[in-house]
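Number of protein chains: 2
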Amino acid sequence: MDKQVIGILGGGQLGRMFIEAAGRMNIEVRVLDPTKQSPAKQISSFVSHIDEPFTSSEAIKKLAQECDVLTVEIEHVNCDELAAVEKLGLAKVRPSSSTVRLIQDKYLQKCYLEEHNLSLPEYVKCDTLEEAQDAGRRFGYPFVLKCRLGAYDGRGNYVVKSESDVASGFEFLGCKMLYAEKFVPFVKELAVMVVRRPSGQVATYPVVETVQRDNICELVYAPAQIDGQVRGLAMKVATDTISCLPEGSAGIFGVEMFLHRDGKTVVVNEIAPRPHNSGHYTIEACSTSQFENHLRAVLDLPLGDTSLKVPAAAMINVLGGSNGFDSVLDPCLASLDVAGATVHLYGKADAKPGRKMGHITVVADSALQLRRRTDMIVGKLANASDEERQRLAYRQSALVAENGSVSDEEKEDVKAMSPLVGIIMGSDSDLPTMRPAAQLLEQFGVPFELTIVSAHRTPDRMFEYARAAHKRGLKVIIAGAGGAAHLPGMVAALTPLPVVGVPVKGRCLDGVDSLHSIVQMPRGVPVATVAINNSDNAALLAVRIIGSSCPTYLDAMQQYMDDMRTGVEKKIERLDITGWKDY
Amino acid sequence: MDKQVIGILGGGQLGRMFIEAAGRMNIEVRVLDPTKQSPAKQISSFVSHIDEPFTSSEAIKKLAQECDVLTVEIEHVNCDELAAVEKLGLAKVRPSSSTVRLIQDKYLQKCYLEEHNLSLPEYVKCDTLEEAQDAGRRFGYPFVLKCRLGAYDGRGNYVVKSESDVASGFEFLGCKMLYAEKFVPFVKELAVMVVRRPSGQVATYPVVETVQRDNICELVYAPAQIDGQVRGLAMKVATDTISCLPEGSAGIFGVEMFLHRDGKTVVVNEIAPRPHNSGHYTIEACSTSQFENHLRAVLDLPLGDTSLKVPAAAMINVLGGSNGFDSVLDPCLASLDVAGATVHLYGKADAKPGRKMGHITVVADSALQLRRRTDMIVGKLANASDEERQRLAYRQSALVAENGSVSDEEKEDVKAMSPLVGIIMGSDSDLPTMRPAAQLLEQFGVPFELTIVSAHRTPDRMFEYARAAHKRGLKVIIAGAGGAAHLPGMVAALTPLPVVGVPVKGRCLDGVDSLHSIVQMPRGVPVATVAINNSDNAALLAVRIIGSSCPTYLDAMQQYMDDMRTGVEKKIERLDITGWKDY
Numbered sequence: 001m002d003k004q005v006i007g008i009l010g011g012g013q014l015g016r017m018f019i020e021a022a023g024r025m026n027i028e029v030r031v032l033d034p035t036k037q038s039p040a041k042q043i044s045s046f047v048s049h050i051d052e053p054f055t056s057s058e059a060i061k062k063l064a065q066e067c068d069v070l071t072v073e074i075e076h077v078n079c080d081e082l083a084a085v086e087k088l089g090l091a092k093v094r095p096s097s098s099t100v101r102l103i104q105d106k107y108l109q110k111c112y113l114e115e116h117n118l119s120l121p122e123y124v125k126c127d128t129l130e131e132a133q134d135a136g137r138r139f140g141y142p143f144v145l146k147c148r149l150g151a152y153d154g155r156g157n158y159v160v161k162s163e164s165d166v167a168s169g170f171e172f173l174g175c176k177m178l179y180a181e182k183f184v185p186f187v188k189e190l191a192v193m194v195v196r197r198p199s200g201q202v203a204t205y206p207v208v209e210t211v212q213r214d215n216i217c218e219l220v221y222a223p224a225q226i227d228g229q230v231r232g233l234a235m236k237v238a239t240d241t242i243s244c245l246p247e248g249s250a251g252i253f254g255v256e257m258f259l260h261r262d263g264k265t266v267v268v269n270e271i272a273p274r275p276h277n278s279g280h281y282t283i284e285a286c287s288t289s290q291f292e293n294h295l296r297a298v299l300d301l302p303l304g305d306t307s308l309k310v311p312a313a314a315m316i317n318v319l320g321g322s323n324g325f326d327s328v329l330d331p332c333l334a335s336l337d338v339a340g341a342t343v344h345l346y347g348k349a350d351a352k353p354g355r356k357m358g359h360i361t362v363v364a365d366s367a368l369q370l371r372r373r374t375d376m377i378v379g380k381l382a383n384a385s386d387e388e389r390q391r392l393a394y395r396q397s398a399l400v401a402e403n404g405s406v407s408d409e410e411k412e413d414v415k416a417m418s419p420l421v422g423i424i425m426g427s428d429s430d431l432p433t434m435r436p437a438a439q440l441l442e443q444f445g446v447p448f449e450l451t452i453v454s455a456h457r458t459p460d461r462m463f464e465y466a467r468a469a470h471k472r473g474l475k476v477i478i479a480g481a482g483g484a485a486h487l488p489g490m491v492a493a494l495t496p497l498p499v500v501g502v503p504v505k506g507r508c509l510d511g512v513d514s515l516h517s518i519v520q521m522p523r524g525v526p527v528a529t530v531a532i533n534n535s536d537n538a539a540l541l542a543v544r545i546i547g548s549s550c551p552t553y554l555d556a557m558q559q560y561m562d563d564m565r566t567g568v569e570k571k572i573e574r575l576d577i578t579g580w581k582d583y
Numbered sequence: 001m002d003k004q005v006i007g008i009l010g011g012g013q014l015g016r017m018f019i020e021a022a023g024r025m026n027i028e029v030r031v032l033d034p035t036k037q038s039p040a041k042q043i044s045s046f047v048s049h050i051d052e053p054f055t056s057s058e059a060i061k062k063l064a065q066e067c068d069v070l071t072v073e074i075e076h077v078n079c080d081e082l083a084a085v086e087k088l089g090l091a092k093v094r095p096s097s098s099t100v101r102l103i104q105d106k107y108l109q110k111c112y113l114e115e116h117n118l119s120l121p122e123y124v125k126c127d128t129l130e131e132a133q134d135a136g137r138r139f140g141y142p143f144v145l146k147c148r149l150g151a152y153d154g155r156g157n158y159v160v161k162s163e164s165d166v167a168s169g170f171e172f173l174g175c176k177m178l179y180a181e182k183f184v185p186f187v188k189e190l191a192v193m194v195v196r197r198p199s200g201q202v203a204t205y206p207v208v209e210t211v212q213r214d215n216i217c218e219l220v221y222a223p224a225q226i227d228g229q230v231r232g233l234a235m236k237v238a239t240d241t242i243s244c245l246p247e248g249s250a251g252i253f254g255v256e257m258f259l260h261r262d263g264k265t266v267v268v269n270e271i272a273p274r275p276h277n278s279g280h281y282t283i284e285a286c287s288t289s290q291f292e293n294h295l296r297a298v299l300d301l302p303l304g305d306t307s308l309k310v311p312a313a314a315m316i317n318v319l320g321g322s323n324g325f326d327s328v329l330d331p332c333l334a335s336l337d338v339a340g341a342t343v344h345l346y347g348k349a350d351a352k353p354g355r356k357m358g359h360i361t362v363v364a365d366s367a368l369q370l371r372r373r374t375d376m377i378v379g380k381l382a383n384a385s386d387e388e389r390q391r392l393a394y395r396q397s398a399l400v401a402e403n404g405s406v407s408d409e410e411k412e413d414v415k416a417m418s419p420l421v422g423i424i425m426g427s428d429s430d431l432p433t434m435r436p437a438a439q440l441l442e443q444f445g446v447p448f449e450l451t452i453v454s455a456h457r458t459p460d461r462m463f464e465y466a467r468a469a470h471k472r473g474l475k476v477i478i479a480g481a482g483g484a485a486h487l488p489g490m491v492a493a494l495t496p497l498p499v500v501g502v503p504v505k506g507r508c509l510d511g512v513d514s515l516h517s518i519v520q521m522p523r524g525v526p527v528a529t530v531a532i533n534n535s536d537n538a539a540l541l542a543v544r545i546i547g548s549s550c551p552t553y554l555d556a557m558q559q560y561m562d563d564m565r566t567g568v569e570k571k572i573e574r575l576d577i578t579g580w581k582d583y
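Protein chains in written order, with our numbering: chain V, 1 to 583; chain L, 1 to 583.
Chain V on its own, in the form it takes in the complex (with noise of 0.2 Å):
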């Protein structure tokens, strides 16, 4: 689709899930890597790659002179080469060399971002012991000591834990090109990519939350379980990153964030300038992954659609173990069994502990069924704990049937999912009418929130919420209200979403104020009205609206009616035997 032919500094398996997509495009991609059979090189043949390593000034001048663009999939390059590159004119380099360079050395990285008003955990360089330990005193313990140039997936940090260990960190990392970085008490790792063209115009994929294990990424969930407002804040965040970034900085960029314990504020933690591990599921996952916007952008083609194309997606990275390529081989093959899973193995022959060997994608049509989906996998990994063994393994045969019923501790984990359901009342006076509602949802496992908002008493706030909800990530709002009952009426008028109406009531009337108040809403605003008191019914149907398009909850909602008529021809059997007087 395009004549320019692509050099690739590094060959590992991000420049083979790049060349993935080029494949698809018919775009010819070269590969500089020493491995001769390097992953990206065993997808590509009839196209001569280069044998040397990505730092060897030769090689990246050859690559070059064969190239019309050269970029990288790791950003530890030798980018004086790549400037002479640029300054010769040879090939066009995305991104430049200049963003390169910043982004290689995280100390220039962090003081560029500061310089754009970019939030950051506080930071200082330490070029001798000396340094390192009045950071210590400055930042209070524990701190993290880092490297400034060549770190990767943990290697590189040091977490300093007392003033006695200052001197042990400023060692064990080499006693040069340091920086201290105040420790974030944080309550998620948040990742998000960003496509930038030439021309600076980016687009912003998810959020993602990314789970370590060992410092190196175990998981990623797609979207991220986090409130709405959160996630525009992280979104932002990682766009003013980006853009904020020199001229000439083309490509797709992972940008890996912190969300601190107050649970609303983001700060960036490190930048890549390349395809991320943070962003594989792009490619079952999103309209266009991150590898074929990577390869748009260098080509200055217009930008793929970000978006997510399903509902929830999780990515499990699998790692060498002790058990060699069995290691690699056991959760692949459980992976099997998973639907919606898919498996990318890097085809690398040496399966050392710790390697990124390959990773799986799994989609879902709601966090819930990802959960399972993904439990199922992770408790195969090579480094899964035996706890986590035993206790996954008591999961997966519970979840035989994939649709199955919401156990306990399944119930804890749909807590902390993001609410798909918005109960609201008009006052704490509501609870006890509201209450079942919130309980259905849980034995549902539908993740809900629920609060006050008071359409007389808290107006502004109800335009708040009602404003934001589908912004939010809500899916249904369920609103209690009695006597005048306004509130489900103006939520409705101020959000696209169903709203649900919950007559509450009161001591006069028998609640047909309240009723008539909700029901009798105007042309072009509508209010799905349910029973006097009968919250019961609003979670019911909010199931029943979140399941017309999601086949976990549509299939729950049938086993429910199922159970329902279970129960009453217990009863019939039991009138039968007792026999209407005695019953």
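You can trust all of the hints, since none of them are fake.
If several chains are the same, the list does not tell them apart, and a pair holds so long as it fits within one copy or across any two.
Calculated cross-link-like contacts (lysine to aspartate or glutamate; reagent style EDC-like; alpha-carbon spacing at most 16 Å):
| id | residue 1 | residue 2 |
| --- | --- | --- |
| 1 | Lys3 | Asp326 |
| 2 | Lys3 | Asp330 |
| 3 | Lys471 | Asp555 |
| 4 | Lys352 | Asp326 |
| 5 | Lys182 | Glu270 |
| 6 | Lys176 | Asp105 |
| 7 | Lys356 | Asp326 |
These are computed hints drawn from the structure, not numbers from a lab.
Model the placement of chain L on the given structure of chain V, informed by the hints.
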């Protein structure tokens, strides 16, 4: 993931996409194809392929000696040699030589399927011109003369228009190994991929609609926009067809079918013992692609989930045209601007007219969005007529904003889509009350159906309708009823879908009887009740329900609400200007 090496006869685009799937699982595939740089060979390096015809006995034997399993990407192979490989135990052959042989000869294929009670168009063998003439007398005109062997993409078929045309057809097809088939007056061509393990276990993909131009598949829509009952029937026919094949029939199979003009009968047209053009959409749109499932089947691994992971998908074939490679590039470049589109080019050098050079998959959140996205590409195809180009160019310009309002032309398209909403009412006397719901759904571009279902006069029909609704693809049911008004509640008791109830005002009690009867449902079975006689709001609620998981309709609802506001603002202005006396 499996140490077995696979040998594939044929190295075209099907082999290429097969190797893509195998590459991800690090499974070695060797290709037998006469072309040195055939599409499949381009994306697999470090493996020695065989550059010989896939009909060559020697080459097949050599391949078998190097591999554990042989499979095919084309059925026109040397079956004798495959049988010899089986007999000598050189390699497993999947599907078996006898299955390939059976399918290779379309006449034998038909005899076999007929023996197994599958519904087929009438057919008869024609070894001589006299037999062909007899066929014409028996079947009437037009009828179709077909080659038993070697036919594909419409080649080897001749539509005989009249008695005087029989001899030309007979001659055109080479006068030998022919059969005649009665012409099926079909409304749609359907196709289903079915994957089968060596054990005989099968998994069936969704039913798709294929659209041909000049006897070559141009478009595939998934799922087919047909009634769910027909969809179920087509799935059953496809499943039965592949299940009845002889033992050893492992791999993926394509089943092409006709949907008869009667709208109810589905007959098998033909089957393919390999990945099929009508299944390319599965790469982006299903949990496991047809290629990966073929791989799993021939290696006897667990089959992957065949369900759609997106609401709607289309596949557009990209053929060579009179402008050579530019004909190919035009639609591909256009697709870069279309959200949800993914290009697959096959790496073929020579873009001669009609040659399959690649395809474009489009995914979308609804059939409406899919049509909009697809139309932006179809107008650029090499073989689009001038009339089409013009029509679609207009549509494209009208669709700059992807989620714009629904044009009159689109409303016609929507009528042919599978209904998402069912509007039902107890009596035709309710139609005046329910008509506004239909008008609004039409305005929003929501496919719907409208019919009479009476709880009291047609209780059986009500049971059937409600029980089948979610299986037929409905997402919401709107039920209008007056007086005792049992319809909405009874339907809700029979379906897991959300049911919206419209209380219809009768001659007495002002509709309060209907309202209370509909809204006051017992705990366990909710009905979403709207205001008396307010079917507008029922439709708007249905749009909100569908929109809660489908951005196209959520955005449309937001737009509708904005328009309402603007409408009132205009009235405010007019009132201000005119004054309240003259307003």
